[in-house]
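Undergrad: Those protein sequence lines, which keep their order, are chains H and B. When the letters of the first sequence are read in order and numbered with our numbering, they come out as residues 861 to 1182. When the letters of the second sequence are read in order and numbered with our numbering, they come out as residues 22 to 312.
Wrong hints could be hidden among the right ones.
[To be verified] Using 25 Å as the maximum straight-line C-alpha spacing, the simulated DMTMM-like pairs for lysine to aspartate or glutamate come out as follows: (1) H:K994 with B:D41; (2) H:K989 with B:D41; (3) H:K915 with B:E105; (4) H:K994 with B:E186; (5) B:K183 with H:E868; (6) H:K1120 with H:E1104; (7) H:K889 with H:E868; (8) H:K990 with B:D41; (9) H:K994 with B:E105; (10) B:K305 with H:E1104.
In case anyone wonders, no lab produced these hints; they're calculated from the structure.
Take a look at the letters that make up each chain.
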Amino acid sequence: MENAIHVENLVKKYGNFEAVKGISFDVRKGELFAFLGPNGAGKSTTINILVTVLKPTSGIVYVAGHDVVREKLQVRQRIGVVFQDPSLDSRLTVEDNLKIHGYVYGIYGRELQKRMDEVLDIVELKGVKKRLVKHLSGGMRRRLEIARGLMHTPQVLFLDEPTTGLDPQNRAKIWDYVENIRTTGTTVFFSTHYMDEAEYADRVAIMDHGKILALDTPDALKKGIGGNMIVIGVKKDKTDSVLEKLKQMGFTPHKANDGKIWIPVSDTASTIPQLFSALGDVITEVDIRIPTLNDVFLTLTGRELRDDESSPEKFVPMRFRR
Amino acid sequence: MGLRVAYIVWWRELRRYMLDRGRMIAMFFQPLMFLIVMGYGINSVFPKDLMGFDYMKFLFPGILAMTVFMTAFMGGITVIWDREFGFLKELMVAPVRPTWVVVGRILGSATVATIQGIIFMIIGYFLGIRPDLMMTLKIVATTFALGIMVGGLGIYMGSAMKTTENFMALMNMIVQPMLFLSGAFFPIDNIPNWLKWFVYVNPLTYAVDLMRHITASMIKIETLSMPQIPQNLPPQAMQALKPIMDMLNSLMSTRPNVTHFSMQTDILVMAGFTVVFVLLAGWKFAVSEGV
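Pulled out of the complex, with its shape left as it was, chain B reads as follows:
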């Protein structure tokens, strides 16, 4: 009985998504702009060889995570809509426990977010970002996991917020910092320590990092090798070249990694956040429903 309720609530989220193509398309605008403008822009300024990776491909997992984050988080707004437009009452007199409704909602948010993610990956394919099959499957799995985590957060927020306006304001307030402080745009190895703390408490960081692990072999470029200096040069010439070689050496050694944590850390932290958000969502939804 409970599972059937979760199923129909999940189905409803999907059905609404299918009937609302405007939302589908609107959600792509911002991420695509970031990917194309930043991707081509940065790639044209910094040589790939020097950075050690293709920036566009580096950026892609970050932007993908952002798309999934926004879509899944938006799932929370349906809680407010239901309250404003009355459908919540239908659920309030239904012979079901709110837990199953929350389960259905979170899975619904996650599924819709995953579909958006897959569409985004198809767009990426045409921009030259072409992960192999195994990679693709792993990315999709990560996307779904992130969707559940953020879906929980969204439903918690939706249950806690009174109006759609508040929810949208909150979303605008948290999406930008979360995106910029997730390592989506730059590797976090070499940023100042105080800034790192913001990155570390950001749940999105771990999802982005995990996706980079999965796609690392696609992102990294291993073509750069140190120039070989002929041994038969006169000592004066060797002397003159030394500062240049030192500089190159130091550049090479500070070349950032594309990932920051271990894969295990990423997965564990994501799981931890997911449990917290899902429990919060279940609790707040039941409380705000007043049943």
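Looking at chain H on its own, in the form it has when it is part of the complex:
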């Protein structure tokens, strides 16, 4: 079966700056696919190329079976897009915005009314049909944008950082809706810098500095870094010598931003005594971590995914946790 998205050696340059450095990947039909990476990794640039807003410098990009450069209009008819920044007409009502979208995509008359009700149902906005968009809350607006993106039943729905700036309740709701949308067979492609959100995806591409560092299911990615993590705290002046010693012992330790040392291990139970006998009283604390995508990112780049912002983990609904 043909893939929903096919990207080969995609490069995007702004002058001398290479924002996307020759990436290749495929997204299968019906897949929930995530782009995970810090701000400035090239996620938005890639999405903007996929949705035909930006022209690639070089490379082959097919979306929904059409070339994004030569068959722009065909691609556009088959995709729905929710941009990172709002793109509603806030001076008009909810209904007006959907009506405009419908007409532009060739939906009108009775069909328009039907679709309008259907998509408003999905995002639970039926009650505010007649309200001016400027009187909606931020979360409602984002939901309306998702509804609008679904109006013309696209084959691929693009969500660029769909939950950025939303409160916990709205954030959780958005993922509920995405789950619903998937049941209709729509391919969903989203970007995020929240690692816990990437966990919902069937497959995750980890992106940094314009490159895809890894691409697999969240589970495989986590297994790939070697089982669990042992996190040890050591006396400040000893950090470097401990790192050296761990390497000699055959581990691949990473120093995190807070000075703690992360050690990927396959067998936690036997490693801990081994560490204590080797390092002794240098260790001030020990913690065991079941790996997250953040750990994967740390292993791949030597940096934490998000150094400056707090993790939104606690906002994730229980059933999404793995």
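Assemble the complex: chain H is given as a structure, and chain B must be docked to it using the hints.
TA: Then chain B, alone, in the frame of chain H:
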């Protein structure tokens, strides 16, 4: 498909206008002030008979054209708003050619301007400016044509300008000179030649002139006739009256026309400006959208 897109973009302009009554009312303030203050003012200083027309009625088409000009030109600001508030992105990923969006926008600007024009004519009716039905229809048609011309200009400018502030500054900069140099306030027959050139390159001039053609019979006053001097006066008296008669004669002969060009010229020049502005708008909008 294209027409449907043009229609919905046109509908959007109208819908926004209907939802934004503040803009509707604010746009009347300046023109109404001009019409009432200047109209009653000048009429009270210069006798209508001497000028050969009722100044208020003379002024009306000019002020009407100004209202339409400002409203249609303001349509261009929505291009900038869309860019600033993000709606442009929705249009950028839409499976449509920008040409149809521009067509819809220009027709939207023109329609909104025409509605404003009609409301202004209703106000005029209460100020005693009462064109007959045929005249009214012709004025409305001219209003719409002017709306398309200026709508094109506005969208071109809106696509070329980066910010709302720039656009407003530009508007303030060009509206006043365009208004004063359009013959809206005075007949252009007798102004110095160097000044005429500014009037001639002003697109608004031709719209004002065309509207004067349409309303000429309402503006002109044909009551003034030369005083008849009794033939049996003594020669000395005739001699004494001669300078006065000469002066009256010269006044009569220099009495300006209410129109300056022929109707055909007005229509042709307007059509020319319209084509240029609409093409510029289409080109610049497509370029600035980057699609």
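Undergrad: Give a verdict on every hint.
TA: Evaluated hints:
1. H:K994 with B:D41: Holds: K994 (chain H) and D41 (chain B) sit about 13 Å apart, inside 25 Å.
2. H:K989 with B:D41: Cα-Cα ~19 Å, so holds.
3. H:K915 with B:E105: This hinted pair holds, its Cα atoms lying about 22 Å apart.
4. H:K994 with B:E186: Holds: K994 (chain H) and E186 (chain B) sit about 22 Å apart, inside 25 Å.
5. B:K183 with H:E868: 36 Å, violated
6. H:K1120 with H:E1104: Holds. K1120 (chain H) to E1104 (chain H) sits at ~14 Å (cutoff 25 Å).
7. H:K889 with H:E868: Given that 25 Å is the threshold and the Cα spacing comes to 17 Å, the pair holds.
8. H:K990 with B:D41: Holds, at roughly 16 Å.
9. H:K994 with B:E105: At roughly 15 Å apart (the allowed maximum being 25 Å), E105 (chain B) and K994 (chain H) satisfy the hint.
10. B:K305 with H:E1104: 62 Å, violated
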